[in-house]
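Participant: Sequence:
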Amino acid sequence: MSKKHFWKRGIAAACAVVTAATGLALPVFAADTSSLAVTPKVVALGDDCLAEVSGSESAVSYMADYLGGNAVNYAAVGTTSGKLVSDLQSNQNMKRDVQTADVVMISVGVNDFIEEVLYKNADLVDMDNCKTLTDVANKLTSDGSKLSAANSKLARDLPALVETVAANIEAVVTEVKSLNRSANVVVQTVNNPLGVDYYGMSGVSQNRKTVIAYLYQYLDVSLEGGNVSGTGLASMTIADNAGLNDKIRGLQNASAADFYTPYVGAAGEKAIGFEFSNIMDLNMTFTPLGQVMLASAAIQSSEMLSCGDGSVISNAYTATGKDGDLKSNRPSADSIITGAASHQKMACSMGDADASGSIDTQDLFLCLYNIARVGAGLDTELNPIQRKALDADNSGTLDSQDIFLWLYYMAQTGAGVHVDLADYLAQNQA
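Per our numbering, the very first residue in the sequence shown carries number 4; after that it's consecutive.
FYI, nobody ran anything at the bench for these hints, they're computed from the structure. Quick reminder that beta carbons are idealized off the backbone N, C-alpha and C, glycines included. Any given hint could turn out to be false.
Capping the alpha-carbon separation at 30 Å, the derived lysine-lysine pairs in DSSO-like fashion look like this [as the list claims (entries may be wrong)]:
1. Lys-212 - Lys-142
2. Lys-134 - Lys-123
3. Lys-98 - Lys-149
4. Lys-212 - Lys-123
5. Lys-348 - Lys-98
6. Lys-86 - Lys-156
7. Lys-86 - Lys-98
8. Lys-330 - Lys-212
9. Lys-86 - Lys-123
10. Lys-123 - Lys-156
11. Lys-273 - Lys-142
12. Lys-330 - Lys-348
13. Lys-348 - Lys-273
Ranges of calculated distance between the beta carbons of each label pair, as one might list FRET restraints [claimed, not checked]:
14. Ser-89 - Ala-350: 36 to 46 Å
15. Asp-396 - Thr-137: 50 to 60 Å
16. Arg-376 - Lys-98: 22 to 32 Å
17. Asn-141 - Arg-376: 33 to 43 Å
18. Ser-181 - Ala-375: 39 to 49 Å
19. Ser-57 - Ser-181: 50 to 60 Å
20. Ser-314 - Ser-359: 53 to 63 Å
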């Protein structure tokens with residue numbers, strides 16, 4: 004007997020129970036959907052990159068709009084990977100929102116490296132009164148012995164920091180999945196905060212620009228693997244495929260929103276990090292173009308997220324006024340955005356997970372099959388819009404209560420009883 008046939012026999016048996024319990028006949032096992040909108044919930048955790056910037060949309064709100072849902076944003080400027088682990092363990096509101104999320108977006112790690120390279124390296128720079136990256140550049144030490152000591156400290160401490168941050172990110176993903184097995188989890192790769200055109204910075208001496216180039220190398224090897232070597236530099240090696248971003252790309256139970264290369268530029272490309280981030284102001288919040296870029300990379304990270312309305316991304320990209328320049332200056336970034344913008348939204352409504360126009364046995368099969376897969380420790384095969392369409396009690400989890408509610412609704416409507424779907428679902432919220 005096929006799996007699908009087995010499940011449909013189980014559904015039929017459940018229908019008989021519901022019908023007997025309600026005293027209603029069930030002449031037609033389908034109900035017209037009243038096209039009640041599906042509103043997936045997107046939750047953001049982490050640092051500057053996902054944080055809301057006053058007066059502009061965030062990557063999180065773009066993702067929510069793309070899916071036709073709502074955003075809850077816990078990302079905050081300055082958050083480190085260790086703090087996020089602590090927050091997720093202690094913040095009950097955060098935990099509840101994660102439990103009911105359909106998509107969880109995570110960005111963390113860049114502040115760990117900024118802190119280590121700049122704020123914990125007194126031989127390199129005195130950060131007091133520094134307000135901009137230009138201030139930092141002009142306060143970098145020109146003392147050879149101090150610079151040598153600073154480089155040695157980076158070569159000694161950064162490899163261990165890679166392991167610490169990677170372990171913290173893995174702990175966050177593990178905790179998220181323990182709270183919500185079904186949610187799509189997207190982790191952003193960490194961008195090099197010095198992936199900017201530092202040689203084009205005005206008012207900074209050539210010698211200090213060279214020091215920034217050294218720091219960029221230490222960060223780049225930490226994030227992508229490789230070797231730091233050269234005159235005056237302390238050697239540091241991190242094996243290929245062992246950088247922090249390689250570890251993020253290899254995470255279980257999460258997809259990677261990976262645009263490291265489009266951000267810093269491939270070999271021979273001019274760095275345009277100032278176009279994407281506000282690192283000049285010593286934080287890694289993103290510009291409007293950067294937010295569109297991050298949302299697009301998240302969407303493109305998994306086929307599961309190809310179900311939304313790409314016009315949201317297309318319109319946001321056009322609104323930045325940077326689309327033409329980016330296409331010319333960084334085609335790899337433009338292709339990620341235009342790829343996300345090409346998606347067509349799946350026309351689901353509440354109860355109608357297969358977008359057939361009615362709530363029927365196929366929708367119940369999808370719900371039951373998802374419950375069975377997740378219960379067996381497997382990944383769901385339903386995208387976030389489909390899962391939300393079947394979450395009758397809005398609990399954030401598909402379970403037997405959802406099956407019962409849809410069966411009862413179908414029994415009522417199948418018997419000719421008018422049921423207002425919006426009222427029915429509102430009365431049965433978890």
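Participant: Against the structure, test the hints numbered earlier, and report the numbers of the ones violated in rising order.
Facilitator: Per hint list: 3, 13, 17, 18, 19, 20 violated.
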